[in-house]
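Here the protein sequences come in this chain order: V and G. Just so it is clear: in the first sequence, position 27 is 27 by this note's numbering, and no numbers are missing. Just so it is clear: in the second sequence, position 99 is 99 by this note's numbering, and no numbers are missing.
Don't read these hints as lab results, they were simulated from the structure. One thing to keep in mind: the hints can contain errors.
[Claimed, not checked] Facing chain G, according to a computed beta carbon distance under 10 Å, are these residues of chain V, among others: (1) Gln2; (2) Val26; (3) Ser28; (4) Glu29; (5) Leu104.
[As the list claims (entries may be wrong)] Capping the alpha-carbon separation at 30 Å, the derived lysine-lysine pairs in BS3-like fashion look like this: (6) V:Lys37 - V:Lys67; (7) V:Lys72 - V:Lys144; (8) G:Lys234 - V:Lys160; (9) V:Lys144 - V:Lys160; (10) G:Lys282 - V:Lys37; (11) V:Lys72 - G:Lys234.
Each residue gets a CB set at the ideal place from its N, CA and C atoms; glycine is no exception.
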Amino acid sequence: MQEEDMAAVTDKYEDAIAGLSRLLSVKSELQSVAAVKVQQITAELAAAGNGFDPAARIRTGFDHFKKEKYQKNPALYGELAKGQSPKFMVFACSDSRVCPSHILDFQPGEAFVVRNIANMVPPFDKTKYSGVGAAIEYAVLHLKVENILVIGHSCCGGIKGLMSIPDDGTTSSDFIEHWVNICSPAKTKVKSEHGKLSFAEQCANCEKEAVNVSLGNLLTYPFVRERAVNKTLALKGGHYDFVKGSFELWDLDCKIAPALSV
Amino acid sequence: MANLATSIRTHFAVTPDSPVVSPRGSPSSVLGLKVKERRSHHSLADSMSSLRVKASNETPGLVQEVRRNQSKRVEKTKFGPDFTEIEQRFLAFKKHEYMENIELYNSLSKNQAPKFMVIACADSRVCPSVILGFKPGEAFIVRNVANLVPRYEDGPSETNAALEFAVNSLEVEDILVIGHSCCGGIRALMGMQDTEDTSSFIKNWVIVGKKAKISTEAAASDLTFDQQCRHCEKESVNRSLLNLLSYPWIEEQVMRGKLSIHGGYYNFVDCTFEKWTLDYFKTISKANDGVLVVKSRSLWS
């Protein structure tokens, strides 16, 4: 912008502000109305400034999906409109880089997917975190999935947050630390077994140990335990490393032993 | 449904004879990628010992144990999944996506900076990455039953922990709550006779959408149950948008124009997508609980 143009714009702005101030000095009862309008203008200008149009972005995505997937598979989508019968329930992190539909190419209808911070499963407790319990109950009892897969990943911010909670337990967030503390047994294990490793290496270990804690927590749901024991439901852990481009998969061993008579 | 069930089963190639997990002596190397199946036997010590006690109280003669440090082959069963399929899919992803876009993935491995946070249902048919084409790095996604957002006052939940991270740490610019047709969670909510019923997890959770049920019953009492469910699917999105404003750090960002809140509705029966944006200043100026004002509504078909 030329210097003269900039000066003209600045003059115009200052005149506008001066006009508003004069009005409010005479009619102070208008101050609250003016405050709201100024906030609104400020918000609009802030939003318009960055050039990203979220509506256009998702419109493009939806149009592509409809044309390239939906309209090319009418039989599949026709059946899916009537109902779903996924064989998998998947727990994955909310991290933008680890969507199971990308890395494991799950198609519509294949996997009932829960995504939360650090892909955690809290233990059975109807009073806390009923959202996860609801998902497990729905998947196991209603959809009758055959597999539950819990997938951790590299550079997980939630795990890093867990590992960063001070030993005295003080927290600085409203909800995050309360949530990630679900997997504090994993943190305890890593610190005791790998205390000499760097913080980053401890976090990497914790990403996998936390998956194991979640798998164990799954077994605290009676309807999961029953099916895991009679082998109608398989529980597996996974870890996606997007730095190395690798994927690990493992089992939780589950065995019935005769009860000891006391 | 018979055709669909068959095609999916074949896709995963579940056969009675394939072992669930085959023991391997050493990792194999495919495409320069070490693919290994590792057995990890997790012992939970205290929590599992209490589980053992509980199990024997509830079901005499039945105790589960998780054994540590034993390479025990998991019993094969005709119900066991063939996870070779999962391995193959990952390898295909690695070859056709990851390696083809290695610069993007290298950059993402250092940091994520998604502009979107999406709250969608866990339903297998409505993954936002599929229906809206989000690529890795674009959207921080929470998926729960019936895409519900509880209020700040209701205390900790998995959804609001994710909200806090997305808004305060990742500083996303847009939150999109997407409802969908034929939602089982909304159906369960609308079917609840007694909203104090806490006998199941599902009921305990979907009650977050109680106000949407009440306003649906008031507005659509002459419609069939199915039609009421359709109405509630959208009403519950609107309720969730209002619940988002109950978080002080969300409202502050919206007020400053740094964060926009949108609702969406995916109808997979006719493949349409409706979207709308919360008009924050008009909504708060009404000073009226439950009255949401929206703008920029559009329907894509």
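Tested hints:
no., hint, result
1, Gln2, "violated (29 Å)"
2, Val26, "violated (24 Å)"
3, Ser28, "violated (20 Å)"
4, Glu29, "violated (17 Å)"
5, Leu104, "holds (5 Å)"
6, V:Lys37 - V:Lys67, "violated (43 Å)"
7, V:Lys72 - V:Lys144, "holds (29 Å)"
8, G:Lys234 - V:Lys160, "violated (36 Å)"
9, V:Lys144 - V:Lys160, "violated (34 Å)"
10, G:Lys282 - V:Lys37, "holds (11 Å)"
11, V:Lys72 - G:Lys234, "holds (28 Å)"
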